Amino acid sequence: MKKTVDDRLAALRGSAKRLDYNARSLAALENNPRCTLRALLDASGSDKTAIATHVGHPPSFGQSSFAITRGNAFEAMVKDNGCAELLRVLRETLHLTLPEVGYEDLNDVGGDGRSKERHERTEEVLLRAARGEGDGTLFDHPMLRLLIGGHKAYLEPDLVALRIDGRFHIVEIKSFPIIDEQADSTQVRAATTQACAYIIALRDLLGRAGIGEQAVSDTIVLVAPKDFTNRPTGAFVDARKQVAALTRQLSRIERIGDLVDLLPEDLTFDLAPDAEDRPRRPAEELTEALDRVLVTYRPDCLNHCEMAFYCRSRARAEASLDVLGPVVREQFGGIDTTTMVMGLARGELTPSEDQVEMAAALRHAARLRAELEDLGGAA
Amino acid sequence: MSRLYLESQEESGKLWNSGNVWYMSDPLDALEKSIGTLRRAIRDAAAAGDTERAGELRMQLRRAERAWDALVDAGEPAAAPPPTVPEAAPAARGSQLPAREHVHRALMLLGAPAAPKLIVGVHEAFFPGELSASKLSSLRRDEERSYRSSPGARPYYLCPALAHDLLTPVRALITISTWTLEQRVIGPLSPRVDFLTSAIGIAEAVHTAAESTADGPSPEALRLLWRFAVNIPDAMPRNAAGHEGALDAQQVIGAAQAELDVHTDADRATRAEAARQARKSLGDDEQLFGAPLRGVTHLRSARA
Amino acid sequence: MSTLSALAHVQAMESMQAVPLTEFRHRHLSGRPLVIVPLAMAGEAGAPLAAMVGSAKRNGTLLVVAQPRNRDQRFAFAADLGRIVMDYIDSFRQDRRGEGERSRYTEAPQILVPNPGGVKALADLGRMCRFRATSGPYAVPDVVPEFGMWLTFLVDWAEQAGTSMLLPVTEMLTEHWATGQSTLEDQNLASLMAWISPPSSLSVEQAMADAENPDVCPPAGPSTSPEFDNRDLAPAIRRFDTARTLGDPHALAAAEAELRELIAGQIQPTWRMVWQAISLLRSVPEAPRTAKRFEGDCKAFTDYSDYRDSGGLPQRKRDTAIGAARRLGRLERALAEFESDMAFDDRFVLADRRSAGEAFDGTVVKAEPGRTVTTDKNRRVPRPRVTVRTEDPVRLAADTKLISPSLPTGHKATIVSVLSDRDVTQITLEITGGMGRGRVPKQGTVPEPGQRIAYLPDPGWRPAPQFPASDATPWTHSAAGAAGTDPAVPEDAAAEEWGNED
Chain L
2 MKKTVDDRLA ALRGSAKRLD YNARSLAALE NNPRCTLRAL LDASGSDKTA
52 IATHVGHPPS FGQSSFAITR GNAFEAMVKD NGCAELLRVL RETLHLTLPE
102 VGYEDLNDVG GDGRSKERHE RTEEVLLRAA RGEGDGTLFD HPMLRLLIGG
152 HKAYLEPDLV ALRIDGRFHI VEIKSFPIID EQADSTQVRA ATTQACAYII
202 ALRDLLGRAG IGEQAVSDTI VLVAPKDFTN RPTGAFVDAR KQVAALTRQL
252 SRIERIGDLV DLLPEDLTFD LAPDAEDRPR RPAEELTEAL DRVLVTYRPD
302 CLNHCEMAFY CRSRARAEAS LDVLGPVVRE QFGGIDTTTM VMGLARGELT
352 PSEDQVEMAA ALRHAARLRA ELEDLGGAA
Chain B
157 MSRLYLESQE ESGKLWNSGN VWYMSDPLDA LEKSIGTLRR AIRDAAAAGD
207 TERAGELRMQ LRRAERAWDA LVDAGEPAAA PPPTVPEAAP AARGSQLPAR
257 EHVHRALMLL GAPAAPKLIV GVHEAFFPGE LSASKLSSLR RDEERSYRSS
307 PGARPYYLCP ALAHDLLTPV RALITISTWT LEQRVIGPLS PRVDFLTSAI
357 GIAEAVHTAA ESTADGPSPE ALRLLWRFAV NIPDAMPRNA AGHEGALDAQ
407 QVIGAAQAEL DVHTDADRAT RAEAARQARK SLGDDEQLFG APLRGVTHLR
457 SARA
Chain R
13 MSTLSALAHV QAMESMQAVP LTEFRHRHLS GRPLVIVPLA MAGEAGAPLA
63 AMVGSAKRNG TLLVVAQPRN RDQRFAFAAD LGRIVMDYID SFRQDRRGEG
113 ERSRYTEAPQ ILVPNPGGVK ALADLGRMCR FRATSGPYAV PDVVPEFGMW
163 LTFLVDWAEQ AGTSMLLPVT EMLTEHWATG QSTLEDQNLA SLMAWISPPS
213 SLSVEQAMAD AENPDVCPPA GPSTSPEFDN RDLAPAIRRF DTARTLGDPH
263 ALAAAEAELR ELIAGQIQPT WRMVWQAISL LRSVPEAPRT AKRFEGDCKA
313 FTDYSDYRDS GGLPQRKRDT AIGAARRLGR LERALAEFES DMAFDDRFVL
363 ADRRSAGEAF DGTVVKAEPG RTVTTDKNRR VPRPRVTVRT EDPVRLAADT
413 KLISPSLPTG HKATIVSVLS DRDVTQITLE ITGGMGRGRV PKQGTVPEPG
463 QRIAYLPDPG WRPAPQFPAS DATPWTHSAA GAAGTDPAVP EDAAAEEWGN
513 ED
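Protein chains in written order, with our numbering: chain L, 2 to 380; chain B, 157 to 460; chain R, 13 to 514.
Incorrect hints may have been included.
[To be verified] Non-contacting residues of chain L with respect to chain B, defined by C-beta distances greater than 12 Å in every case (computed):
(1) ALA11
(2) ASN82
(3) VAL90
(4) ASP106
(5) ALA130
(6) ARG209
(7) ALA246
(8) ASP259
(9) ASP267
(10) ALA318
(11) LEU350
[Stated by the list, open to error] Estimated spans, in silico, between C-beta atoms of each pair:
(12) L:HIS152 x B:THR207: 54 to 64 Å
(13) B:THR207 x L:GLU372: 55 to 65 Å
(14) R:GLN218 x L:ARG281: 25 to 35 Å
[What the hints assert, rightly or not] Heads up, incomplete: computed chain R residues facing chain B, CB under 8 Å, no partners named:
(15) GLU26
(16) PRO211
(17) VAL228
(18) ARG284
(19) VAL436
(20) GLY445
I should point out that these hints are in silico values taken from the structure, not numbers from a laboratory.
Bear in mind the structure is a predicted one, so any value in this text is a computation, not a measurement.
We put the CB at the ideal spot given by N, CA and C, even for glycine.
Here chain L stands alone, though its shape is the one from the complex (with noise of 0.2 Å):
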């Protein structure tokens, strides 16, 4: 059965390379877990930027050099000098004793820096740590595996820290400030979510050595800039609600079959890419291709989704309600379409059962709607 669903998502796919999950299209399944599409294009590897390109919707985020370095500069200065900063930071939150300051550099494996070694070094490194062998206490840029639908995903925290008690903290390092002691709620999410796939792996990794999941806390530290300064602060961060959320979205992608079923046998998202990997396929093809699945946009996808533009252009070709965001939408419960809401609000079409609340509703709306703009209001 496995293979046969492998074989579908391939086939979606079609003859470009396969995109492995990251951190952050982990990060990204918490955002619209009910999108179809995401999760089509996710698990079968599809290059969302190039399909989203070539039907004329390009994804337009990309990244500030300026934050690529000043986050970079941040965590080499918290790294530094033995880890200097981050130990007071971790001394003061996770309470380290003064003997535990073992430093293990998981960055490469005697100079080789390749995912698959460098997860088998970290592999026996925290394994050897977890039963309590040697000195170390900061695990540097460990690299974890994740299998997704039978892929696997790597994974590469910040820092693990182990304390003498035998519990293992994510910390995350990030380069938005804490002033006050508060920081951007959007950022700390983000990076919350990030560090749940992180706890996860490492529960795996833990867990197929028999080692239960409470060794790793569903508590992360979050080391950051305090107020103005450059440096470091430490803030813990409870994840246990989004831990549970993520995993209910990786079962979700173990069952990804049950989505491919329902798609025609023939579908596929391949671009026919020529020789110097330009897209051949008619993009006109590709557009449909993309109409036969189920897409449930929402205007936050603009913030994180490389499909978000394509899908808003279909929500708004199609009249959905799901352009005005879910505030709009909520008014009208069970209505997707702003013809059906002007329909109803006119009395202009029928109300079904569950609808003629609503539909009374809309129509005394319309009415009064229609009262103001007779009596000339604003322009």
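Starting from the known structure of chain L, fit chains B and R onto it as the hints suggest.
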């Protein structure tokens, strides 16, 4: 519009390099697209009689076209590296020393393996002359080449620290060949031990400067010491109000030594064992520059 | 959101043009607002990159921080901006009216920023500046902490509903117009303006597409577009750094000029758009009760101004428990009053409340104008009852206290009963106030059969809740430690220095 950026280093790095971000994949394409859009927008603004807006857009267009020219001429991304800053003219005494001497002197002061950034910091805090991190990295390649062409011709070489388990070079840390293997090997506790050792070295140098020179330690030296002291328990003086007072070099030394005592024995045991292993299994050159990198051959075959 | 407002958005989407949500503008709009368009550097904590500031479209001043990571340049920028803003604020500290306790400035400043992000940028700037010392090792010019305290005051005050001293123009626009896009997209000034007033040669669709294209419409800040950062800004800042390192005055001047030109190209479109939005908003008539709320602004402005004149301390970093509770109470009261004011003034807003079942409009079908009751003090007072028939989906319960925009001020009533039958509801009310002092209600204070009348809930005059004085605060609710109770404790100077990466 608020946008969500994941700022984690490894993430961003990957995104960047893979060309995953569409407009980075081909800067020329992206620029041409911009130019097209701008032309249309200028036409629209002109049609609407908005000369101010049209003027502004024309400026953007000129800029985009210049960037495009530069890109076509250079055959490389527009964000070309800036012109390099020429080395400033040698100034005060001691600055004529070769860079390797500067590094040697800084490492001797620290008494422990150190990263280029710290070496530069120590140099700027205590010694005259120019020393840049980029200079340092080219230096490191020269050292190994020089050793291999005529081993032992120089009184010392600058070489990488060695990892205690694999005995491979730890590229980020520089040591001096005349130090014992035990000093040059890095075990799990060594980064902290070396940090504390360096703190003592810096505090002593600050103390000496305070005693022996008219001006006392430089502001850079005090700042460097401060950066170390804030991360050592009980190294910062407390005044009556509980706020931080002036740094006391002796207090830093005492505090660093106290924590050092906690780690020394365990660290020394690991280092001694690793050194013993190195002497047994490595040739002379490998004892200095490390065992061959395990993954080099794999790396070469791996996809770039 | 009410069904009516939601419907307005649907209408906008269907007709591809913005739809008015209100009859009036409910925010005071100064004759001389100060517009600030702040830009910040991506990835840095509160690192200003530039600002364009001025009180008229033609006299904007562009301030640029050539190297935002440099602390000295940051505070030089803060001082420059601070001088302009303080000159503006001081120009309102001239005319006072009233005596003693009641003495007030007659006008108040108004700072307008493009979007909510602009308010956040000013909040960060205020926090960065207000504790800075003007003497000692890391001294900043006197204006810096003063500016910081004022910014903090303005940002705090802006949290209160209905105030006007600091506002994002996107908020003023969306209060008045509904677009056919989401709240998220409405925060993009250019997208919002595309709906309300697209450039004359463009359709709304084209204008929307342009609004999201950073080549045509650079973002309104505080973040700049990543493309701009990578393609233009980063190389220009590097050239500036290089020129400075080399100490080459010509190269330095050229690099600075280039940076200014680049940033001007990013900031000017927004600058002009903010002014365009302001003139649009001016064309909307101001709601009657706005003037009364503006007096509240003038009072707050006067109070803070006097506090500063007496050398008051900077605002603390975090509220104490009592302070937070007091503030919350104040904000809730202000919100209820603002909502009720708007519904009173504005048929659109009233309709909105009606559509949500929070207000109703109907015809008096029955009246007992002569009804009286005897109070506890054995006094006979008029308590007329009327029954109103409405087709509004009323969701108000018995005993709700009501006020009416259809009757003279002071009119008060309480719901006695609500009887619904299909689409029609009969509401019986007892009139309790606004009838004069006599035994018989004054003429015109009791609605008559056949009269059309609207009611909405009385936000109520609520006495300000009493909180213990600071020294009577139980220890469980006071801020811990000495540092917490002294709002003026600066960060230690050493940590400050750490922030300078130059």
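Hints, verified against the model:
{"no.": "1", "hint": "ALA11", "verdict": "20 Å, holds"}
{"no.": "2", "hint": "ASN82", "verdict": "5 Å, violated"}
{"no.": "3", "hint": "VAL90", "verdict": "9 Å, violated"}
{"no.": "4", "hint": "ASP106", "verdict": "8 Å, violated"}
{"no.": "5", "hint": "ALA130", "verdict": "10 Å, violated"}
{"no.": "6", "hint": "ARG209", "verdict": "23 Å, holds"}
{"no.": "7", "hint": "ALA246", "verdict": "17 Å, holds"}
{"no.": "8", "hint": "ASP259", "verdict": "29 Å, holds"}
{"no.": "9", "hint": "ASP267", "verdict": "28 Å, holds"}
{"no.": "10", "hint": "ALA318", "verdict": "22 Å, holds"}
{"no.": "11", "hint": "LEU350", "verdict": "35 Å, holds"}
{"no.": "12", "hint": "L:HIS152 x B:THR207: 54 to 64 Å", "verdict": "57 Å, holds"}
{"no.": "13", "hint": "B:THR207 x L:GLU372: 55 to 65 Å", "verdict": "43 Å, violated"}
{"no.": "14", "hint": "R:GLN218 x L:ARG281: 25 to 35 Å", "verdict": "30 Å, holds"}
{"no.": "15", "hint": "GLU26", "verdict": "24 Å, violated"}
{"no.": "16", "hint": "PRO211", "verdict": "5 Å, holds"}
{"no.": "17", "hint": "VAL228", "verdict": "4 Å, holds"}
{"no.": "18", "hint": "ARG284", "verdict": "7 Å, holds"}
{"no.": "19", "hint": "VAL436", "verdict": "45 Å, violated"}
{"no.": "20", "hint": "GLY445", "verdict": "47 Å, violated"}
Hint check: violations occur at hints 2, 3, 4, 5, 13, 15, 19, 20; the rest are consistent with the structure.
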